[in-house]
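Asker: Sequence:
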Amino acid sequence: LGSWDVPGVVTPHMDGLVHDGVTFSRAFCQIAWCAPSRNSWLTGLRPSITRAYNFLDHFRTSQPSAVTLPGLFKAAGFHTLSFGKVFHPDLPPNFDFPASWSEMPQMPLKPDCAGLQMTCELPDDTTTADMATTSLALDALKDLSSLSPDRRFFIAVGLQSPRLSWSYPRAAAARLPPASSLPIAAHLSAPAERAQLEWFRPTEVDRYTGINATHDAPLDEAAQRQLRFAYYATIAHCDKMVGLLLDGLGR
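Converting from the sequence shown to my numbering requires adding 3 to each position, the first position being numbered 1.
The hints are simulated quantities; they were obtained by calculation from the structure and are not laboratory data.
Heads up, some of the hints might be wrong.
Straight-line alpha carbon distances no greater than 20 Å define the calculated DMTMM-like cross-link-like pairs of lysine to aspartate or glutamate that follow [what the hints assert, rightly or not]:
#1 K77 with D128
#2 K145 with D209
#3 K113 with D128
#4 K113 with E207
#5 K113 with E124
#6 K77 with E106
#7 K113 with D209
Pairwise CB distance ranges, derived in the manner of DEER restraints [unchecked claim]:
#8 C123 with A220: 22 to 32 Å
#9 L150 with N215: 48 to 58 Å
#10 D223 with P180: 17 to 27 Å
#11 D18 with S151: 25 to 35 Å
#12 T206 with L150: 40 to 50 Å
#13 R154 with N215: 15 to 25 Å
#14 F27 with R155: 32 to 42 Å
#15 L4 with L150: 26 to 36 Å
#16 G80 with D223: 53 to 63 Å
#17 C123 with V25: 27 to 37 Å
#18 L75 with L4: 48 to 58 Å
#19 R29 with D127: 35 to 45 Å
#20 S51 with D128: 39 to 49 Å
#21 Y56 with H218: 20 to 30 Å
The C-beta atom is built at its ideal place from N, Cα and C for all residues, glycine as well.
Build the full structure now, drawing on both the sequences and the hints.
Answerer: Here it is in structure tokens:
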């Protein structure tokens, strides 16, 4: 985020949330994997308790009576909705509906870039998965307010652009400084003493063409900057969606 003094990032709407809200600066990711991290964060339980370390297991197996964050709101009488990628598909099954959600969650699919490239710039008339997700959430806000202005609700919106592959509209990239001006990673090699999980090389990158990097042979600096540029463009796209959601809440 720009509010965290990261150079080159353009996130005015999320920066506004930081300014007007509460920032939890010591809220750390429990595990660097998508599905188990979501299981941990949405239950408030460590992976050692959820027993979810991969893309096979989920918390309902080891903790069948666990109360999730949305489940807590639902039990308190809130209407709980999920749009986009909140829980990983099928982990737990049905995105934990109906235990966590009042209605079946909806998750627009995010297609890969053509030719299995890791990044791709999209025409501005493309409807991205995050645009579709935001539209669903805004429609739900309108429906909830029209049914009962005083109805309490909890809506989770999971934007997907910053997960691989990094696809973004051309307009999002146009908001960024040139890739050549972006910094590269400060640490290009592993520390001498480390555990396997502390310096794990994600195998997901092996799916993509033109990415031939290892811990001992990192990408060249130009490639690093271009990939970081693409990642920042996905964040800029998410920030625009956050702005639309905040406008919808304000109305």
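Asker: Would you mind marking each hint as holding or not holding in the structure?
Answerer: The hints, checked one at a time:
| no. | hint | verdict |
| --- | --- | --- |
| 1 | K77 with D128 | 37 Å, violated |
| 2 | K145 with D209 | 42 Å, violated |
| 3 | K113 with D128 | 16 Å, holds |
| 4 | K113 with E207 | 16 Å, holds |
| 5 | K113 with E124 | 14 Å, holds |
| 6 | K77 with E106 | 11 Å, holds |
| 7 | K113 with D209 | 19 Å, holds |
| 8 | C123 with A220: 22 to 32 Å | 25 Å, holds |
| 9 | L150 with N215: 48 to 58 Å | 54 Å, holds |
| 10 | D223 with P180: 17 to 27 Å | 20 Å, holds |
| 11 | D18 with S151: 25 to 35 Å | 33 Å, holds |
| 12 | T206 with L150: 40 to 50 Å | 46 Å, holds |
| 13 | R154 with N215: 15 to 25 Å | 53 Å, violated |
| 14 | F27 with R155: 32 to 42 Å | 23 Å, violated |
| 15 | L4 with L150: 26 to 36 Å | 35 Å, holds |
| 16 | G80 with D223: 53 to 63 Å | 56 Å, holds |
| 17 | C123 with V25: 27 to 37 Å | 36 Å, holds |
| 18 | L75 with L4: 48 to 58 Å | 27 Å, violated |
| 19 | R29 with D127: 35 to 45 Å | 39 Å, holds |
| 20 | S51 with D128: 39 to 49 Å | 47 Å, holds |
| 21 | Y56 with H218: 20 to 30 Å | 21 Å, holds |
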